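**Student:** Dock chains U, L and X against chain P, hints included.
Here is what each chain is made of, one letter per residue.
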Amino acid sequence: MKESSFAEVVEQIEPGMTVMIGGFLAVGTPEKLITGMINKGIDNLTVIANETSYPDRGIGRLVVEKLVDKVIVSHIGTNPVSGKQMNNGELEVDLIPQGTLVERIRAGGAGLGGVLTPVGVGTKIAEGKEILQIKGEDYLLELPLRADVALLKAWKADRKGNLIYRKAARNFNPIMATAADKVLVEAEEIVEVGKIDPARVHTPGVYVDMVFAGGGDGE
Amino acid sequence: MKESSFAEVVEQIEPGMTVMIGGFLAVGTPEKLITGMINKGIDNLTVIANETSYPDRGIGRLVVEKLVDKVIVSHIGTNPVSGKQMNNGELEVDLIPQGTLVERIRAGGAGLGGVLTPVGVGTKIAEGKEILQIKGEDYLLELPLRADVALLKAWKADRKGNLIYRKAARNFNPIMATAADKVLVEAEEIVEVGKIDPARVHTPGVYVDMVFAGGGDGE
Amino acid sequence: MVNKTEKREIIARRVAQELQDGDVVNLGIGIPTRVVDYIPEDIDITLHSENGFVGLGPAPEPGKEDKDLINAGGEPVTIKKGGAFMNSAESFILVRGGHLDITVLGTLQVDEKGNIANWMIPGKFVPGMGGAMDLITGAQRVIVATEHTIKEDKPKILKECTLPLSGKGEVDLIVTEMGVMEVTGKGLVLKEYNPKFKLEYIKKKTEAELIFPADLQEMN
Amino acid sequence: MVNKTEKREIIARRVAQELQDGDVVNLGIGIPTRVVDYIPEDIDITLHSENGFVGLGPAPEPGKEDKDLINAGGEPVTIKKGGAFMNSAESFILVRGGHLDITVLGTLQVDEKGNIANWMIPGKFVPGMGGAMDLITGAQRVIVATEHTIKEDKPKILKECTLPLSGKGEVDLIVTEMGVMEVTGKGLVLKEYNPKFKLEYIKKKTEAELIFPADLQEMN
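Residue numbers (this note's numbering), protein chains in the order written: chain P, 1 to 219; chain U, 1001 to 1219; chain L, 2001 to 2220; chain X, 3001 to 3220.
The shape of chain P in the complex, shown without the other chains (with noise of 0.2 Å):
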């Protein structure tokens, strides 16, 4: 049985640990998982992400909160405590291309050994990493990324973990499914085995070690 409680998800994130949490802006972010985050004080994280969105929306409220070390995410210019805190050292902040960041996690979740873009060659992007040259054009190797627990934010999911996701806030979710030991997901609804129609889901349960059931506003 994958269905849990919200307790039971909460229980399986520890402090110090790497964390891939959906979302673009706090859409498709698991807020109820954030929330039992915060209240708990799990500490010392490493997020993955797209952004650090807003101080009081999705991940942005873990840096508020002083929760994270580091993250590893493509913006933080909608979050301003995520810039003072890294002005401050108190948060250090790998910032990647979207693109970039996204394969990488895909990589990690593919058993692939790294991704090869041409996105960042003559940057700072590039300084430190191994450039190779395919067909007279040049490529950074960018390496996998995974992470610990994956906190997912889906719209329907079925009793074995199958998922769908509501419009854009699909985003990195099915990507990071992939690519952490422990996949934690937040439903808006759990369904009965048999609701989902198989070609319409996003993310296999084969991917999902425990869901419980959220609520939402969903249509």
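For the record, the hints were derived by calculation from the structure and aren't laboratory data. Possibly wrong hints are sitting among the right ones.
[Unchecked claim] Partner residues are not named here, just some residues of chain X that face chain U (Cβ under 8 Å, in silico):
(1) Tyr3038
(2) Gly3052
(3) Val3126
(4) Asp3134
(5) Thr3162
(6) Ser3166
(7) Gly3187
(8) Phe3197
Computed from a predicted structure; not experimentally measured. Glycine included, C-beta positions come from ideal geometry on N, C-alpha and C.
**Tutor:** Here is chains U, L and X on its own, set in the frame of chain P:
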């Protein structure tokens, strides 16, 4: 307008081209396009596909008609004619592990410089290929694949070229849709724009150049 | 002189003229977002939103916002009929794989070699690049839509960028309130100028060497 | 002696005992496909089909075949409730990324170092590897299900494979009609043997060096 006649679509395919063809053992293969190619005798083709299917179905028919100079596939075992032509020197066969094949096509469509895979390390497949050691593990550098045209089989298409594939007929089709200069689609049915839910699209219409209604016996 | 609002309108309107029927286009935050208001009605443009869809539509009516439908700037938006959602990896296959015809971006600096710097001012302002570096490297055509100077006097269009780059030699066209500049192998060619500004004045406000071609046009 | 049908049944039945509740499993063509008939009813196994789905179900009733639903061997199949379709790239993320618990394959040769060769006999038989090399490299556990010899006399379980390899040092367990062999750092350990065969006979029919452990069991 993406919608075209069968003749206009076949017109795009020329002798000597490199052609990606969707499908897995003829499921998800555009049979009417293949018939069109045979009727016009479009030859000297290089075909990139999962396998050469059967002598009387799918890609195998092109092989039987001797229209193919080279195949880049993972398997030829279900089509004895492929093996015979290979042994006669009539058909060049490049055998590639299936997961590597599809990832090389994806890299071709994604603007990546190659694929770093552990598959094939220590085997004949690694011969002549660059090996990268990353975090103590060996990975083969496999190069991207692209084609002049991709021939796909969809279930439903709308008039903007958005595609849905049916059940296991999805296979290589959505990946090939990204990796060819021209993407030509045989759809069972063409529907009005708006009839396909944006959340259910497998291949966005921006990838598709031409689509024709080929009929079929879907659900 | 033109005020800030007028400047932004001039730029957005001129960039819109670069779009052609059938183009797949990504519009960045700020002035680029406003380009959408000037797209001719007789051409069909598909807008890409890097958070995961094509078919970006206008803002919804107040009260009709969908919590799961924003653009890459976080604003509530709509999706048009014939649009398609995708995950972030697929969104950047579209960008990096050359399937995006045009990207329009703002910038901190841009130079005559087509270099662009728009993701950080070391020690001062470090928002990060988001999807910009992928867009700059991946799009078939990179158009920079920016005010010509920083606060009337400090040049933005340089001989060589001094800030950390977002992309090297990737910019194709620069559109400002003063003119339209094309990055060529010979340097930066002023193709069109805004007759509200004297050529000498434009030259003064541009650090990069501007090439004035024989067929220099007035900007529409 | 046991006949071919009995051999295949012994092997498939024994392999089924290796599966545990919740496992995600890929069964190759031939004997491995038959493993499904012996999976205990009280455990829940998810079968992966590399052409693009999980939740592989039994063959449909005659006349109920679906043209778009086959297994990787091309046979009409069904998908179970709770299954999921995916494209081929996603199917091999599952395989290569370590998300597949077990792969069961037949073989041409396998050796005491865990090497396996099952995709070609140069100049004679070159079907290709299909998805086998990815499965062998990617699966958490590789189980070879094969008759012990080729036509009663020619060993298949060798000191070292002579045919081109499909995977190097990847095999974990070999199940034949004669016994169950584990690939270990010390060599090939015969963990169980079929009492219908004398140990001396098994040894003779195995080119690889077999280690007989103190706790050697009879095969069920």
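**Student:** Could you work out which earlier hints the structure fails to respect and list their numbers in ascending sequence?
**Tutor:** 1, 5, 7 and 8
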